[in-house]
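> Chain by chain, the residues run as shown.
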Amino acid sequence: MAPHMSENFLRDLVLEEALPQDEEKKPDTTPKKTVQMPVGVPGYTLQDEAREVPESEPPVWPTNKDLKFVGQSVERWDGAAKVSGRAKYTADVQLPGMLYAKFVNASVPHARVVSVDTSDAERYPGVKGVHVIQHVFGGAVLRDPSLEQVKYPVVRFAGQPIAAVAATTPYAAEEAAALVKVKYETLPFVVEMDRAREENAPLVFPGAADQAGTAGGGGGPRNVSQTGNVHGPSIKKQGDIAQALKEADVVVEGHYITQVQTHSALETHGVVADWKPEMLTVWASTQGTASVREELAAFFNIPASQVRVITEFMGGGFGAKFGAGNHGVVAAALSKKTGAPVRLMLDREEEHLSVGNRPSSDQLLRIGAKKDGEITGIHLVSYGSAGCGTGAGCAGPATNLYKYAALHTEENDVFINAGPGAAMRAPGHPPGAFALEQTIDELAVKLNMDPIDLRDKTDPHPVRRVERQVVRESDLWKSRNPKAGADTGPVKRGVGLSQSVWYRFVSMNSSAEVRVHRDGSLEVLSAVQDIGSGIKTVLAQILAEQFGVPPAQVAVKIGDTNYPVGPNSGGSVTTLSLTPAVRDAAWQASQKFLADIAHAYGASADDLVLVDGEVRSKSGKIKPVSFRRAAAKMTTDQITVQAKRIPDYDKSKYLTYGGVDVAEVEVDTELGRVQVKRVLSVHDCGRPMNPSLVISQINGGVIQAISYALYENRLLDPNYGLMVNPNLETYKIAGSREVPEIDVRLVEAYLGQSSTDASGIGEAAGVISVGAAVGNAVYNALGVRIRRLPMTPAVVLAALRRPQPEMELA
Amino acid sequence: MNAFVLADCTTVDGALSQLKDGAVVKAGGVDLLDRMKNGTAQPEKLVNIRNIPALRGIEETDKGLKIGALATLTEISEHPAIRKQYQILSDACGSAATPHIRNMATVGGNLLQPVQCWYYRSADFQCLRKGKDLCFAFNGLNQYHAIMDYRTCPAVAPSSAAVALFGLDANVELVSSKRGQRVVSIKDFYVHPDANPTKFAVIEPDELLTAVVIPKPAAGTRSAYQKYGEKDSFDWAIADAGVVLEMDGNICRKAIVTMGAASPVVRRSAQAERELTGKPITEATARAAGKAAMEGATPLSMNAYKVDLFPVAIYRTVRLAAGQMDRDPRAAG
Ligand SMILES: Cc1cc2nc3c(=O)[nH]c(=O)nc-3n(C[C@H](O)[C@H](O)[C@H](O)COP(=O)(O)OP(=O)(O)OC[C@H]3O[C@@H](n4cnc5c(N)ncnc54)[C@H](O)[C@@H]3O)c2cc1C
Ligand code: SF4
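For the protein sequence lines, the chains are A and B, in the order given. FYI, numbering that gives the first Met the number 0 numbers position 436 of the first sequence as 435, with every residue one higher than the one before it. FYI, numbering that gives the first Met the number 0 numbers position 11 of the second sequence as 10, with every residue one higher than the one before it.
Next comes chain A alone, as it looks inside the complex:
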């Protein structure tokens, strides 16, 4: 672990379930063996290191080049089902007698609800049930609930669900929902963050309020003061910042502003809930089957064993799909009330308004450095709004990317009357990196240093050092003109880079079952859900590697809480948490299998090995026999093994991973148009289990980051508090023509941490740093720095006309 990294920070970020790594305070008595593991980057720093691991662990895998299925770009296990439409998503679930539910949402941004009259709706033909919400999920909650004596939850944003109607057709549900009469006592509201910070601003909450995180992170600090709408500051200090800045030879500072982005997954939030006396079954579009079960069991006060959650296919979540949510609870309640299954899928407008977003930020960042590039101090003061929630802190990159003598960060959440934020792909990091990495770039300019040399000086991470070397040797970087704004003519080209950091979180709730059948078929089962990253494929690869059968022939059964518990997919935990458990189960199943069939061949179990789909004898006593034929000799129909994640082998090693992204832009200075032409993404994720799936994650991350940097913006009308672009037309999101040429170079970076040695990729995958890389490329093109997102023509032309003044730190 980098010595400067703040333990505090890591603890804050930690996904609620992802920590129990430190659970084993009790003495560890498992028998151990010492193994040699590959550690480092092949071609650069690879060497063997010793690790003490439990006796029962499988043999150490070599690096990818010596594996047959793992580490190879095996075709997506369910790709054909997805592209052919055979894959059934939550909205495709059809149950006999199923009802369709529709929310009634608040039409005003701030109000007390006086009454909800459902009588007309109930009488509407086809309506089977109406539910009025007593408790809203999401958003901050008053520390002192007695400050609000109300019958119905106070409306804190337009679009907050108030009630729902279930009917025999979606059309009847929609028409009936429009008949529910809500009487409001409207309250003053505020939807602009600057206005909300003013002294006499309308208050979103009558007192201090906090938001809990989800399994995907998000949420904000709890033990902080609140003044008006400003929740914070949450202050972190290391060293003496004033002294550090005084000792600096140069100080650079900037004022950075980033917008609200909504998750905008293609598949909206939704469930089909089927309440039966003995079992509540819920098909959910979720990143965490376990988290949905937990919330439903708690809300309805029923045992977890009576809730089953199924997510066979999932169309994206990006952090906003944890827990049951209002839709899950309401659908279950309506199903209970009506005795019929109920489907409740959100529409695109609801998706923008009420189920999460990436908070905005307004950051003042100052960095001091010595002439040689050594950073003396980093000072960040940030304000950001997660609507009526918290979680706008963005100090992660400033805290964890570079070495410094002193650090001072103050993060503030500002409440406004808008939908609550939610964890979104690397919470806090894209806005944080946008400011930090542009400021580092500016520092390089001031010090007259190459941006890579500067980072070599001050970033101690050994893998990023390799990644920078890859960048340095790339044609794209070599084509960069170090002189900013050098092009003549209206269209100027620029190249810039940025780095990212994310953290190695392990979810100990990761287990799986492997089954070997007498006909030679194989199954792997886990409650984990595939949110698009391709974990199904990876599980098949692990069994394929162990048993020597093609991955496509492995039956992968996941996304069902009836299977062994799996991790919630947030914070890039899935692959690195679950795969060691699956490998351990597969290994143990293979050992059990050999022991079971040895007798039939007159061999001893320890003379047999399973290699390349063949049972072979080490001593050569028996002829090799195919796995399938050998399986016929099993003494029972099925061999079953369950295994769970064991803690990382050596927790003192690198706790972060990341990457370096380079963007090439063309800026049309007459139009203010920025176009990203090429992106080079150099990233590490431990052992890449399936390079093409990893590249897919990075492609998506790069596109999402470009979309954030240049286009997306949730726009709220200041006078009425309503979102004016709750669609995918005027909420501008990158389409196919905005996608640049993306060149991903994966850096294998072995850590020696588990039986698969995988890490995560979802968060760092370009999402964090491409926005800043585009900013730095624009600077390189223009010699003018854009400190505001999205960089629309209006913003770019304004900056060209009048570069932004520098601001004083508060």
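Any given hint might turn out to be false.
[Claimed, not checked] Derived list of chain B stretches under chain A, where covered just means 3 residues or more per stretch with a C-beta under 8 Å from a C-beta of chain A:
{"#": "1", "stretch": "121-133"}
{"#": "2", "stretch": "218-232"}
[What the hints assert, rightly or not] Some chain B residues flagged as far from chain A (calculated, every beta-carbon gap over 10 Å):
{"#": "3", "residue": "M0"}
{"#": "4", "residue": "A2"}
{"#": "5", "residue": "L32"}
{"#": "6", "residue": "E74"}
{"#": "7", "residue": "T97"}
{"#": "8", "residue": "Q115"}
{"#": "9", "residue": "G139"}
{"#": "10", "residue": "D148"}
{"#": "11", "residue": "E172"}
{"#": "12", "residue": "S184"}
{"#": "13", "residue": "N195"}
{"#": "14", "residue": "E245"}
{"#": "15", "residue": "P279"}
{"#": "16", "residue": "N302"}
{"#": "17", "residue": "D307"}
No wet-lab data here; the hints were simulated from the structure. Glycine is no exception: its CB is placed at the ideal position from the N, C-alpha and C atoms.
The hints should help you fit chain B with the ligands onto chain A, whose structure is shown.
Frame of chain A, contents of chain B with the ligands only:
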């Protein structure tokens, strides 16, 4: 979306007989269904004209070109005669929306789509153009609104095809069962909101738009249209320009310059045209035309940047029309 009756028609007369009591024409449905889904249109009856063969097709006659109301934007943009003689129209239709939408969208529907103002397109805002007395854009979010020619409603003209058809002096054929056929010049087809905020065009509820007719271009005519958005994939224009030049050798005998995203109704810029007429097309005259087009611009609180964009759009499109510049890779289409 409300419940509605769908009357599927196969003849013009059949459709006309259905057009009463609040019935609404549905062509491609791209625009109409969007408004029904967001609750800003709630017609009780839709008259589907998509299956009327008489409204299809693009025909070259000795007088010019006749485009059936159901011709799709794709058909128009790819039509060989249009690409040859009416490049501006091919450009305009080819740069609207997305390939999928262009396959569905008809020219009649494109000309008759109401404004894209987000307040207008939200059931939560009842504005001037919906018969109320308030405009939400003046003090609200107006970054995509008009910079000229507005007093009451600054929503901009949405149709790309109209920007081209103004440049081509097109006529629109309308027919009703009571009053028969009439032909209206495109210049008189739209109703300015200052005159009547709820009426977008002169077409009456019982009328069908049957065809667009374009006169033959004069010899030496060259034309082009370019549209600029914030992004390339399906974005609305933040600036656009249609240019028709009648060239006599090196000299521009007559110029027409039109803009859509600047004002509530497509604007022909006499000022820009003056800078080109009787002169050679050069870097300098093209720049001057762009600059002149912004005379009298009165941007709103958030859209001053558009005043910088139109001169660029006009300059580049004039030079494209004149064959002096390639199609701009930063323009849509
Ligand atoms: C994402 C997106 C981007 C877009 N970008 C652009 C763009 O850049 N430029 C552009 O010009 N457009 C753009 N459009 C709009 C699109 O081109 C129009 O919605 C489409 O052309 C409408 O044609 P339609 O045939 O589907 O019309 P419909 O939706 O069927 O009808 C539209 C209106 O016209 C009336 N109508 C249609 N035909 C007739 C007729 N023959 N007689 C009488 N009344 C009739 C209907 O009653 C209705 O009121 C965009 C749309 C989308 C969704
Ligand atoms: S600009 Fe026009 S359409 Fe938009 S709110 Fe104002 S009056 Fe209505």
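> Look at each hint and say if it fits the structure.
Status of the hints after comparison with the structure:
For a cut-off of 8 Å, the count of residues in the stretch 121-133 of chain B with a CB near a CB of chain A stands at 3, and the three-residue condition holds. Coverage of the stretch 218-232 of chain B by chain A holds. Counting CB-CB distances below 8 Å, 5 residues qualify, and the rule asks for three or more. Against the 10 Å criterion, B/M0 falls within the reach of chain A, whose nearest CB is about 7 Å from its own CB. A beta-carbon of chain A is positioned within 10 Å of the beta-carbon of B/A2; the least distance is around 7 Å.
The claim that B/L32 lies off the interface holds: its Cβ sits roughly 13 Å from the closest Cβ of chain A, which is beyond the 10 Å cut-off. Every CB of chain A is more than 10 Å from the CB of B/E74 (nearest about 22 Å), matching its label as outside the interface. Interface exclusion of B/T97 from chain A breaks down, the closest Cβ pair being 8 Å apart, not more than 10 Å. Once the 10 Å rule is applied to beta carbons, B/Q115 is inconsistent with being away from chain A; the minimum gap is 8 Å.
Under the 10 Å C-beta cut-off, the non-interface status given to B/G139 relative to chain A is violated; the minimum distance is some 5 Å. A cut-off of 10 Å between C-beta atoms confirms that B/D148 is not in contact with chain A; the least separation is 21 Å. Against the 10 Å criterion, B/E172 stays outside the reach of chain A, whose nearest CB is about 31 Å from its own CB. The non-interface label for B/S184 is consistent with chain A: the shortest C-beta to C-beta separation is roughly 32 Å, beyond 10 Å.
At roughly 25 Å from the closest C-beta of chain A, the C-beta of B/N195 stays outside 10 Å, upholding its exclusion from the interface. For B/E245, the requirement that its beta carbon stay farther than 10 Å from each beta carbon of chain A is met, with the minimum near 27 Å. Even its closest Cβ contact with chain A, about 22 Å, leaves B/P279 beyond 10 Å, as expected for a residue assigned away from the interface. For B/N302, the condition that its CB be more than 10 Å from all CB atoms of chain A is violated, with the nearest at approximately 8 Å.
The claim that B/D307 lies off the interface is violated: its Cβ sits roughly 6 Å from the closest Cβ of chain A, which falls inside the 10 Å cut-off.
Violated hints, listed in ascending order, are 3, 4, 7, 8, 9, 16, 17; each of the other numbered hints is respected by the structure.
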